[in-house]
Amino acid sequence: MSRTDRIQLVGRWVVGVAFLLAGFAAPALAQRPEPEVFGTFDGAPMYTVLPAGAIPAILEPWFVSGDAAHAQMRAEEPVLGIVHHGEAKAYSLWQLDAHETVNDVIGDTPIAASW
Amino acid sequence: MVHVRTVDGRTLDFIVSGKLWRNSLIMQDRQTGSLWSHITGEALHGAWKGTRLMMIPVMQTRWKRCVKQHPDTKLLVKDREITNSRYESYFEDPQRTGMFRTEWLRQRMPAKALVHGITRGPHAVAVADGRLSAGGFVQGEIGELPLVVARVPDGGVRAHVARSDGVTLVFENQESAIVDKQTSSRWDLARGLAIAGPEKGTRLDELVVQPAFWFAWSSFYPNTRVIDD
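Those protein sequence lines, which keep their order, are chains A and B.
Numbered as in this note's numbering, the first sequence ends at 1487 without a single skipped number.
Numbered as in this note's numbering, the second sequence ends at 250 without a single skipped number.
Bound-form chain B, shown alone (with noise of 0.2 Å):
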C-alpha cells in the first residue's frame, strides 16, 4: 500500500505500531500516535480519527520487469544482504491466514489466492490476480461506474473509469492493440490515454489498485463483487 502521508498540509512520519487489526498493519504518526489501518488509509484512534489518507497507486512485480520498464529505477538500500523472504513459508502455506481467526468470504475464493482490490465509497471490486495475463484486462463496475482493469508491461496492475464524455467504453484486442468499440480509438491502459484516433489525449480517471489476499481483502470489505470469470 502507498499513501501520501501530508493531511492538512502536514506531513506525518509512521512507524510500525505493533498492533495489528483484522490481522494487518496498523502504522502509528510519530506526531500525534494516531492509529492508521495501512488498508482503508484511516485513522481509527487519536487525533487524527476519522481522516483518510490518500492513495497512489502500487505495483507488486518483480525486479527484472521493473526495471526493464523504468530503467532509472531507484532502489531503496539494502544495508545487509537479503536473500528471500522471513515469511516464505507464511506465503506459501495456503493453510496460514494471519495471527488471528478473522471472517472472511471462504465460499468464493481460496483464502491466499492474490486479488487486486479497488474501493469507491461503499463499494468495493476484486480481480483475481488469475484472470489479467500479460497484456490482459477485464471490465466491470464498480458502483454506478464502468471499470477497466488491465496488467501493464510492468507487472503492475492499472485500473480506470472506462466512460470518456459519458460515453462508456468497452475494449477490445485488436492485432496486439487495445482498442474501444465506440470510437475505435487506441489506449495505453497503464496510463488510460488514448494514444490515437479520435479520443487521442483523453486521459481516464484512475483508480487506486490494491494487491492483497482474498481472506484480508474479503474481511475488510464482505460486500466486495468480484471479477474473476
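Excised from the complex, chain A in its bound form (with noise of 0.2 Å):
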C-alpha cells in the first residue's frame, strides 16, 4: 500500500468515526427519521435511540470535597445538588450530560440521581 492510499484510507476512517461520533454523543440535537418504536405508553410512544447501556451510568461514584472538589470545578458549573440527612452532594451537570443517571447513597438511602 502507497503512503497516499495509507494517508486516504486513515482520513475515510477518521472522517466516518466523526460521524458515528457526532450520531452517538448528540443524540437528543438531530431531527432525525424516527426510529424503532418499542411500544406505546398511555398513549404516547417510546423510542428506541440506542442501545441499552450505550450512555454509560455510574454505578459505582466517588466524591472529593474541599480544595480538591474545587479544583475540578468552576465556579458558575450547574450543579445537581442534595442536600439529604445532612449529607450534601453535587453533581455536575457537564459530566451529567455524558452519564445521565447516577446510582448513589447519600445518608444510608440509595438513590438514582438522572438529568
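Calculated from the structure, these hints are not laboratory results.
Remember, predicted model here, so these are calculated numbers, not experimental data.
Note that beta-carbon positions come from the ideal geometry of N, C-alpha and C, so glycine has one too.
Some hints here could point you the wrong way.
Unchecked claim - These stretches of chain A come out as covered by chain B in the derived footprint (C-beta under 8 Å, 3 or more residues): (1) 1410–1422; (2) 1452–1462.
What the hints assert, rightly or not - In the EDC-like style, the derived pairs of lysine to aspartate or glutamate whose C-alpha atoms are separated by at most 16 Å in a straight line are: (3) B:K89 <-> A:E1449; (4) B:K99 <-> A:D1439; (5) B:K99 <-> B:E113; (6) B:K202 <-> B:D186; (7) B:K99 <-> A:E1432; (8) B:K85 <-> A:E1449; (9) B:K89 <-> A:E1448; (10) B:K89 <-> A:D1439; (11) B:K70 <-> A:E1449; (12) B:K85 <-> A:E1448; (13) B:K89 <-> A:E1459; (14) B:K85 <-> A:D1439; (15) B:K99 <-> A:E1449; (16) B:K99 <-> A:E1472; (17) B:K133 <-> B:E113; (18) B:K221 <-> B:D186.
Mind assembling these two chains? They're in different frames, but the hints should get you there.
Right, dumping it as C-alpha cells:
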C-alpha cells in the first residue's frame, strides 16, 4: 500500500468515526428519521434510540470535597445538588450530560440521580 | 431528578435504557430490566410495571452557591477535565424541544422556560423560574392544599404545604424575615421550619420540586396549573 493510499484510508476512517461519534454524542440534537417504536404508553410512543447501556450510567461513584473539589469545578458550573439527612452532594451537570444517571447512596438512602 | 432506588426492600441499579418517552429519559433497572420514566418515577414496562419510585428534593444551582451554603459538599469525581456542556447548543436554542415532536402547551409559556414543577396525586403545578427572585417565594394551591414555593440560599427551590394545625398560612416579608400573617412566627422556608414566634419548632410537610423545561413539563402534565404572575 502506498503512502497516499494509507493517508486516504486513515482519512476516510477519521471521517467515518467522526460521523459515528457525532451521531452518538448528540442523540437529542438532530431531527433524524424516527427510530424504532418500542411500544406505546399512556398514548405516547416510546422510541429506542440507542442500545441499553450505550450511555454509561455511573454505578460506583467516587467523591472529593474541599480544595480537591474546587480544583475540578468552575464557580458558575451548573450542578445538581442534594442535601439529605445531613449529607450534601453535588454532581456537575456537564459531567452528567455524558452519563445521565448516577447510582449513589446518600445518608444511608440508595438513590438514583438522573439528568 | 432524584429517586429512592429501593422498592419493597430491594435496591435497584439503574442504567440508561437508550429509550425516550415524551422526549425524556427512560431508566432501566439491571435486576429486572423494567423501564422507568425519570420524570414520573413510574415503571411503564417489565416486572415492576405500575410501581412508582419515591422522589427526594434536588436543587439545580451553581457550584459556588452550593458550596457556599454547604462547605462540606461531596463532589462526584470527574475522570477528565470537562469545561462545557455537550448539549449547550440544545439548552440555549429556544427552538429545540427534544428529538421527537410532542404535544405541549405552546400558548402558555416559551418552550425552554425553566419551571419548578410539583405533583400531588392527579394535580400538577409549575412555578416559572423568573417568578422566584433571590429570597423570593410564591403561594398557590395544589389540589386542595395551600402551597408555598421559595428560592432558598443555596440556589435551590423548595416547596412546603402552607398549613399548620389546619390553619392556612399566608407569608409576607418583614424586615428581611419571612413571617406568617396568622401567628407572626418567623420561618425558614428552606427547611419549612418555624424559627421564632408561637409556631417555633413547627415543621411544614415538604413537597418535592422538579426543575424542568416548560415543553417537557406540560407534555407530561397537560393539566398543570401555572404560577407565573
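The hints, checked one at a time:
1. Using a Cβ-Cβ cut-off of 8 Å, 11 residues of the region 1410–1422 of chain A lie near chain B, which meets the minimum of three, so the contact claim holds.
2. Counting residues of the region 1452–1462 of chain A whose beta carbon lies closer than 8 Å to any beta carbon of chain B gives 9, which reaches the threshold of three, so the coverage claim holds.
3. Restraint check for B:K89 and A:E1449: the C-alpha separation of about 14 Å stays at or below 16 Å, so the hint holds.
4. With a C-alpha separation of about 14 Å, the suggested pairing of B:K99 with A:D1439 holds against the 16 Å cut-off.
5. Between B:K99 and B:E113 the alpha-carbon distance is near 24 Å, which puts this suggested pair outside the 16 Å criterion.
6. A threshold of 16 Å between alpha carbons decides the hint, and for B:K202 with B:D186 the separation of about 15 Å falls inside it, so the pair holds.
7. Under the criterion of a C-alpha separation no larger than 16 Å, the hint pairing B:K99 with A:E1432 is consistent with the structure, at around 13 Å.
8. As the CA atoms of B:K85 and A:E1449 are separated by approximately 8 Å, the hinted pair is consistent with the 16 Å bound.
9. In summary, the hint linking B:K89 to A:E1448 is supported, as the alpha carbons are separated by about 12 Å, within the 16 Å threshold.
10. A C-alpha spacing of about 13 Å is found between B:K89 and A:D1439, which places the hinted pair at or below 16 Å, so the restraint holds.
11. For the hint linking B:K70 to A:E1449, the alpha-carbon distance of about 37 Å lies beyond 16 Å, and the restraint is violated.
12. Proposed proximity of B:K85 and A:E1448 is supported: the alpha carbons are some 6 Å apart, at most 16 Å.
13. Distance restraint check for B:K89 and A:E1459: the Cα-Cα separation of roughly 15 Å lies within the 16 Å cut-off, and the hinted pair is therefore satisfied.
14. Simply put, B:K85 and A:D1439 have alpha-carbon atoms about 13 Å apart, close enough for the 16 Å limit, and the pair holds.
15. Annotation: proposed proximity of B:K99 to A:E1449 holds, straight-line Cα distance about 13 Å (limit 16 Å).
16. Simply put, B:K99 and A:E1472 have alpha-carbon atoms about 14 Å apart, close enough for the 16 Å limit, and the pair holds.
17. As the CA atoms of B:K133 and B:E113 are separated by approximately 8 Å, the hinted pair is consistent with the 16 Å bound.
18. A hinted pair counts as satisfied when its Cα atoms are at most 16 Å apart, and B:K221 with B:D186 qualifies at roughly 13 Å.
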